[in-house]
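J.: Chain residues, written in single-letter form:
Protein chains: 2
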Amino acid sequence: MPTPAFLPVSSQGTVKTLIPEELKDIGITIILSNTYHLYLRPGIDVIEKLGGLHRYMAWDGPILTDSGGYQVFSLARLCQVADEGVTFRSHIDGSEHRLTPELVVEFQQKLGADIIMTLDECPAIDTSMAKVREAVDRTYCWAERCRERHRGSDQLLFGIIQGGIFPELRQQSAKAITSLDFPGYAIGGLSLGEPKEQTWSMLDETMPFLPADRPRYLMGVGSPEDIIEGISRGIDLFDSALPTRVARNGALFTVQGRVNIRKAIYKTKEQPVDADCDCYTCRTFSAAYLHHLFKCEELLAYRLATMHNLRFIIRLMQQIENAIQQGTFAAFKSDFLSQYQVTDEEVRLAQKQKWLNSPRHCDDTAL
Amino acid sequence: MPTPAFLPVSSQGTVKTLIPEELKDIGITIILSNTYHLYLRPGIDVIEKLGGLHRYMAWDGPILTDSGGYQVFSLARLCQVADEGVTFRSHIDGSEHRLTPELVVEFQQKLGADIIMTLDECPAIDTSMAKVREAVDRTYCWAERCRERHRGSDQLLFGIIQGGIFPELRQQSAKAITSLDFPGYAIGGLSLGEPKEQTWSMLDETMPFLPADRPRYLMGVGSPEDIIEGISRGIDLFDSALPTRVARNGALFTVQGRVNIRKAIYKTKEQPVDADCDCYTCRTFSAAYLHHLFKCEELLAYRLATMHNLRFIIRLMQQIENAIQQGTFAAFKSDFLSQYQVTDEEVRLAQKQKWLNSPRHCDDTAL
Chain A
1 MPTPAFLPVS SQGTVKTLIP EELKDIGITI ILSNTYHLYL RPGIDVIEKL GGLHRYMAWD
61 GPILTDSGGY QVFSLARLCQ VADEGVTFRS HIDGSEHRLT PELVVEFQQK LGADIIMTLD
121 ECPAIDTSMA KVREAVDRTY CWAERCRERH RGSDQLLFGI IQGGIFPELR QQSAKAITSL
181 DFPGYAIGGL SLGEPKEQTW SMLDETMPFL PADRPRYLMG VGSPEDIIEG ISRGIDLFDS
241 ALPTRVARNG ALFTVQGRVN IRKAIYKTKE QPVDADCDCY TCRTFSAAYL HHLFKCEELL
301 AYRLATMHNL RFIIRLMQQI ENAIQQGTFA AFKSDFLSQY QVTDEEVRLA QKQKWLNSPR
361 HCDDTAL
Chain B
368 MPTPAFLPVS SQGTVKTLIP EELKDIGITI ILSNTYHLYL RPGIDVIEKL GGLHRYMAWD
428 GPILTDSGGY QVFSLARLCQ VADEGVTFRS HIDGSEHRLT PELVVEFQQK LGADIIMTLD
488 ECPAIDTSMA KVREAVDRTY CWAERCRERH RGSDQLLFGI IQGGIFPELR QQSAKAITSL
548 DFPGYAIGGL SLGEPKEQTW SMLDETMPFL PADRPRYLMG VGSPEDIIEG ISRGIDLFDS
608 ALPTRVARNG ALFTVQGRVN IRKAIYKTKE QPVDADCDCY TCRTFSAAYL HHLFKCEELL
668 AYRLATMHNL RFIIRLMQQI ENAIQQGTFA AFKSDFLSQY QVTDEEVRLA QKQKWLNSPR
728 HCDDTAL
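If you're matching them up, the sequences are chains A and B in order.
Letter 99 of the first sequence, counting from 1, is numbered 99 in the working numbering, and no numbers are missing.
Letter 173 of the second sequence, counting from 1, is numbered 540 in the working numbering, and no numbers are missing.
Only chain A is shown next, with the shape it has when bound in the complex (with noise of 0.2 Å):
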């Protein structure tokens, strides 16, 4: 596996829009798929009855599956943690279910991916610094569980730093569950609202913790502009499915930064959305046609932006990787994040995107 790897997110066992065949042709070498989900849906036992996650879907790259983790804190209702586990209620039925540590490490194994999560308590950002220290105590608990359950298995089961954003914590955090000697280690509880100058410090405090002949993998980070920043940390895996997402919002990436397809300006425009791209939908239809899509909600418009968006980030990593190569990164970097303009609108709309429910959603009671 190549790094830096960009993963795009396969929720419920789909990249949304695409084929496998697509997603090569893009350059995605691994893809992330939520345990969560599948768990929900279609039931991690029917998976494993199909032959795994891979046939399943007919990915035959590698996977990364999270533990489930972070949508129980995030997605589910009325979760409650304990020392034992968390239970909570499905987002679509309201059905209660638990994960614990030994449980997402089984589900893992049924669904046979290649990359496997410890289960981790993710806090909101706005939790107190006495709740985020219990969260990274528990955090490296069921790290230790995880690793004894999963012990003799080929899969490679990495380990997941919490601490929120207090400094203190996110060491305590890191020291810990890398005593544990891990294959490769995930940052998590980023990129949930704060301002990014928190996310990019707490990243600084973490990182001389983590070994650097293994994987290093920003949870949830996936922006052109996060990447690049996040790379220059010396990150080498990231996930996210904000270049999917944002793809069906009809934003699309270009040099200069997202640009809102729906806009009134491309109802003629000849040229692809951008010029330099050499994705599907750039070398095939112009801005124009994909306007028009988009303005007619015509589900093609969805899978185009798709693809266009995932090429970005892909040429984006290619880019990056020669320029490290020739040891021109710092001038790549400067010039890419002086020209890719960030809204306002999408800062406030990052900050306010997850989990500003949080509260309701957590109890931390007693399991």
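If you're looking for bench data, these hints aren't it; they were derived computationally from the structure.
Glycine is no exception: its CB is placed at the ideal position from the N, C-alpha and C atoms.
Some clues are possibly wrong.
[To be verified] Just a sample of chain B residues kept apart from chain A, beta carbon distances all over 10 Å, derived: (1) 370; (2) 428; (3) 464; (4) 481; (5) 504; (6) 545; (7) 565; (8) 626; (9) 630; (10) 643; (11) 644; (12) 681; (13) 687; (14) 688; (15) 706; (16) 709.
[As the list claims (entries may be wrong)] Per the computed footprint, the stretches of chain B lying under chain A, defined by three or more beta-carbons under 8 Å from a beta-carbon of chain A, are: (17) 378-386; (18) 446-458.
Since the structure of chain A is provided, determine the placement of chain B on it from the hints.
T.: For chain B alone, kept in the frame of chain A given last:
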């Protein structure tokens, strides 16, 4: 263009969910697009400015455009018919527009389609004989005017036969329209909710008047069982949104009839939806996976189902052609229809789906 052929419907310049390369892989040789829809969005002039419809939607095979008449009579609001033409209000924003025979030829010329259609008056199935007679007369006058405006163009202009469910009027319309010597003829105003026996009986009244050396096109018909009946009566061309529309509802064609992929029996079915099918979907995914995508309302579901249903129709056309060439069509038809079950529900929906509200839509007063 090989016949018999089935034209999938690309209402708004896209066969919903698919790209041109996929249509070709499926075996689609010609598509239909709707002048009415393209006139409203993005506008005929926009497509002309961008180099015509082929380039706009990146389809380099033949395109047939309809005149917009059918949509005006079935979809638009408050249409008023007069000898001069028809006025209507957009189903999107209520704005008022006008179509005349001359304008629809002009529009279709600007779109750059290969086959274009005359403007016809298409009455609802419950229209009185007197009104249908008027529509037949007007359709003839409009066909003449279209032919006049079209003179000197390279595009093939097809005439359309009307006549409702009245044998006498069907014959009258067929004689009148064929007297204008078009390079192809369409039969309109059928499959609008009338019992199937009536559809075939009207076709039987009409076909003897259509020259066998010109393509004969049955508009708006496209279920497997109807295509085989149509071909057995000499029809060469079919178009219909049915295969793609029912696909998006989870109804997939098999040799036993349509199946509803949402049903629980498919949740763990390892085989493809149709074991005999060579479409991408059946070659790649289990029925269980498709079931899951539909249950989760994943956008990929609609795309995979569309590919399957279109491929089913194309394979059916190929099988029919082979059977005709080998002189075994009668046996093939009988075998196929004895296996292919049409449920009462499908019959009920087919009779209900079109134009039950047509009297409210159509106001036969002066322009």
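J.: Next, verify each hint and record whether it holds.
T.: To see whether the hints hold, each was checked on the structure:
1. With a closest Cβ-Cβ approach of about 28 Å to chain A, residue 370 (chain B) is found to remain outside the 10 Å limit, as its non-interface label requires.
2. Listed as a non-interface residue, residue 428 (chain B) keeps its Cβ farther than 10 Å from every Cβ of chain A; the least gap is roughly 15 Å.
3. With 10 Å as the threshold on Cβ separation, the claim that residue 464 (chain B) sits away from chain A holds: the shortest Cβ distance comes to roughly 17 Å.
4. Chain A leaves residue 481 (chain B) outside its interface by the beta-carbon criterion, the shortest separation being 20 Å against a cut-off of 10 Å.
5. The non-interface label for residue 504 (chain B) is consistent with chain A: the shortest C-beta to C-beta separation is roughly 36 Å, beyond 10 Å.
6. The claim that residue 545 (chain B) is not at the interface with chain A holds, since no C-beta of that chain comes within 10 Å of its own (minimum 37 Å).
7. At the 10 Å boundary, the C-beta of residue 565 (chain B) stays outside the reach of chain A, the nearest C-beta of that chain being 35 Å off.
8. With a minimum CB-CB distance of about 18 Å to chain A, residue 626 (chain B) clears the 10 Å threshold, and the non-interface call stands.
9. Here residue 630 (chain B) stays apart from chain A, with its beta-carbon at least about 14 Å from theirs, past the 10 Å limit.
10. Residue-level check passed: residue 643 (chain B) sits 20 Å from the nearest beta carbon of chain A, beyond 10 Å.
11. Against chain A, the non-interface label of residue 644 (chain B) holds: every CB pair exceeds 10 Å, the least being about 16 Å.
12. No beta-carbon of chain A is positioned within 10 Å of the beta-carbon of residue 681 (chain B); the least distance is around 19 Å.
13. No Cβ of chain A approaches the Cβ of residue 687 (chain B) within 10 Å, the least distance being about 29 Å, so the stated non-interface status holds.
14. For residue 688 (chain B), the condition that its CB be more than 10 Å from all CB atoms of chain A holds, with the nearest at approximately 29 Å.
15. With a least beta-carbon separation of about 28 Å from chain A, residue 706 (chain B) lies farther than 10 Å from that chain, consistent with its non-interface assignment.
16. Distance check on residue 709 (chain B): its Cβ is at least 27 Å (rounded) from any Cβ of chain A, clearing the 10 Å threshold; non-interface status holds.
17. Here's how the region 378-386 of chain B fares: 7 of its residues keep a CB closer than 8 Å to some CB of chain A, so the rule of at least three is met and the hint holds.
18. Counting residues of the region 446-458 of chain B whose beta-carbon sits less than 8 Å from any beta-carbon of chain A gives 0, not enough to reach three: the coverage restraint is violated.
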